[in-house]
Amino acid sequence: MIRIEKLHKSYPIGKGSLHVLKGLDLHIKEGEFVAIMGSSGSGKSTLLNIVGLLDGHDTGKYYLNGQLIENLDEKKAAILRNKFLGFVFQSFNLINYKSALENVALPLYYQGVGRKERQRIALQYLDKVGLKDRAEHLPSELSGGEKQRVAIARALVTNPKVVLADEPTGALDSATTHSVMELLKEINREGMTVFVITHEEDVAAETDRIVRLKDGVIISDEKVNKKVNA
Amino acid sequence: MIKFLFDPDTWQEIYSSIRKNKVRTGITIIGVMWGIFLLVVLLGAAKGIENNFNRLFGDFATNSVFVWAQQTSKPFKGFQEGKGITLKMSDLENIRNEIKGLEFVVPRHQTQALTVNKFKTGTFGIFGDYPVFDKVQKRNLVYGRFINHNDIAEKKKVCVIEEEIYKQLFDKDEFPIGQYIKINDINYNVIGMYKEGQIGSGGPQGNIHIPFTTFQQVYNRGDSVGWMMITGKPGFDITQIEADVKLLLKTLHKVHPEDDRAFGSFNLGDIFKKVTEFLLGMQFLTWFVGIATLIAGVFAIGNILLITVKERTKEIGIRRALGAKPWEIKRQIILESVFLTSIAGALGIISGGVVLMIIDATLGQGEERFLTNPTVDIPVIIIAAITLVVLGTLIGLIPAHTAVSIRPIEALREE
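Sequence order for the protein chains is A and B. The first sequence maps to residues 1 to 230 in this note's numbering. The second sequence maps to residues 1 to 415 in this note's numbering.
By construction, these hints were calculated from the structure, which means they are not laboratory data. Just so you know, not all the hints are guaranteed correct.
Claimed, not checked - Covered stretches of chain B (chain A as the covering partner; in silico rule of three or more C-beta atoms under 8 Å from a C-beta of chain A):
| # | stretch |
| --- | --- |
| 1 | 246-253 |
| 2 | 402-408 |
Claimed, not checked - Using C-beta positions, here's what the derived DEER-type ranges look like:
| # | chain 1 | residue 1 | chain 2 | residue 2 | range |
| --- | --- | --- | --- | --- | --- |
| 3 | B | Val380 | A | Asp127 | 56 to 62 Å |
| 4 | A | Lys132 | B | Pro379 | 41 to 47 Å |
| 5 | A | Ser140 | B | His401 | 43 to 49 Å |
| 6 | A | Gly16 | B | Phe288 | 50 to 56 Å |
| 7 | A | Gly41 | B | Ile383 | 55 to 61 Å |
The beta carbon of each residue, even a glycine, is placed where N, CA and C say it ideally should be.
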């Protein structure tokens with residue numbers, strides 16, 4: 001699903017440049033639940049931005065769904081994002097003057113889906129995250145956990161190939177963190193590839209595979225030994 | 001694009017964006033509105049003044065010059081200075097033959113006389129005229145006819161009176177045509193009554209026109225001419241004609257060529273040209289002020305959109321992460337700009353129209369009014385509206401470009 005080969009990325013800083021990603025190789029198969037871990041400055045956000053087509057890379061190869069990503073202009077990137085990727089952000093990033101339902105329906109708007117159809121699908125996904133009764137509420141009327149659920153519903157509404165979550169629990173307390181992770185797990189069980197960036201060990205522990213980044217290189221890549229729940 | 005324009009979501013977006021900045025949006029709209037309002041009102045007022053001018057001068061052939069004889073101021077060919085000159089019918093013949101580009105040469109006589117109808121009297125200007133006078137200075141006849149060739153040939157005692165004179169000499173419901181009035185104790189049959197425009201050529205109470213030949217006979221003027229009106233054909237310079245006529249008259253009457261006082265003249269064309277130039281200048285000024293104000297208003301809209309875009313950087317970033325193409329973001333902002341300018345423009349045009357109506361109802365009424373029918377041409381409005389939309393689009397491009405030039409990743413980072 002996601003294949004990265006010898007990926008390099010550096011940012012210009014003053015006269016010099018900061019080499020952030022130093023030749024990453026990573027292969028994520030369809031249906032995997034992967035956590036990228038690392039302290040701040042390790043390059044994990046940069047990796048997510050590149051994977052999320054929000055930023056370009058310098059050298060190396062990136063295949064998304066078997067498609068080589070190169071020379072993307074903004075328009076093509078937008079189409080690919082809309083088609084293949086769903087985003088979940090730390091700060092939720094809901095549009096504050098739109099209701100939960102409208103927020104969820106927004107990606108469909110950019111796909112050109114009609115209004116009625118859009119609302120029907122959006123309501124379906126809100127129901128999936130257990131917030132059907134909150135459809136008409138504005139983000140300001142929702143709790144943090146509810147906001148993140150709305151954001152997850154929004155990420156799922158286009159039926160993407162990959163859900164990219166950037167510190168999805170960073171702004172949540174431990175109880176809601178757990179419920180959000182349960183939701184992501186459930187989505188993964190239904191076959192969705194989920195790609196989580198986090199610096200919390202217990203969040204990473206809920207995933208199937210942990211990739212650790214440090215100073216722009218992968219220092220470990222291991223399967224999580226599933227505790228078999230009784 | 002059509003689908004985009006009729007999509008309720010599009011308008012909902014614009015509505016919510018405007019609702020977020022009510023005061024600022026309002027003030028900005030007033031900016032553009034003021035511009036087009038000024039343009040409409042000033043253009044309308046200028047048009048009104050022009051219309052009024054045309055109303056006042058409309059009855060005159062505007063490329064005309066009046067020429068009369070005075071006294072010489074230089075000795076010439078044995079004559080002392082101070083020689084009195086009298087124009088003759090033969091002068092007119094010579095002018096017609098010698099000078100090119102003339103349309104009419106109209107001889108006139110004038111005097112003032114006591115006019116009596118039964119017990120009512122008044123002193124009015126009496127003019128001796130040829131039928132052609134009606135062509136140079138249109139008489140708007142209410143009843144009857146103007147002097148004709150028969151009247152001239154037979155030196156008939158007939159007269160054409162102005163409406164004001166009718167009011168003074170006749171009872172209210174009396175029909176003037178066919179009645180007799182006495183001018184200097186001679187009875188004249190009233191054959192016509194006309195309505196004078198704003199600018200009369202005689203006394204303030206209007207004029208009485210009698211046949212030129214009758215005038216010559218009654219007032220013992222022989223072959224003389226009091227003064228003449230000369231009109232030029234279109235395309236001929238009336239100032240040149242004026243100079244040529246005067247030079248010819250000087251030759252005919254043995255007057256020193258550089259004697260400027262021997263013949264007097266009044267060039268209506270010159271005056272008319274000056275007023276026309278003034279009106280043109282006024283219109284130019286109006287356009288300049290109006291358009292400059294408009295541009296200022298449109299820039300204000302660009303400014304507010306730019307601020308809005310800055311405030312919505314994050315939202316735009318979110319939308320782009322969700323798959324909004326740059327063009328989709330751009331067109332939204334441009335549409336917002338066009339929408340605001342159009343609303344403002346429409347309001348400006350409407351309020352300008354209302355003010356013009358008020359001006360028309362108050363200042364544009366009555367005989368003494370200084371403007372007539374202040375209006376703005378529909379094409380002008382259409383051009384102004386199109387200009388607004390085009391400017392709105394262009395100015396919307398700036399914030400739109402800003403919106404998409406920020407990379408979504410940076411926009412998302414903004415807190």
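Status of the hints after comparison with the structure:
no., hint, verdict
1, 246-253, "violated (count 0)"
2, 402-408, "holds (count 3)"
3, B:Val380 <-> A:Asp127: 56 to 62 Å, "holds, 58 Å"
4, A:Lys132 <-> B:Pro379: 41 to 47 Å, "violated, 57 Å"
5, A:Ser140 <-> B:His401: 43 to 49 Å, "violated, 31 Å"
6, A:Gly16 <-> B:Phe288: 50 to 56 Å, "holds, 54 Å"
7, A:Gly41 <-> B:Ile383: 55 to 61 Å, "holds, 60 Å"
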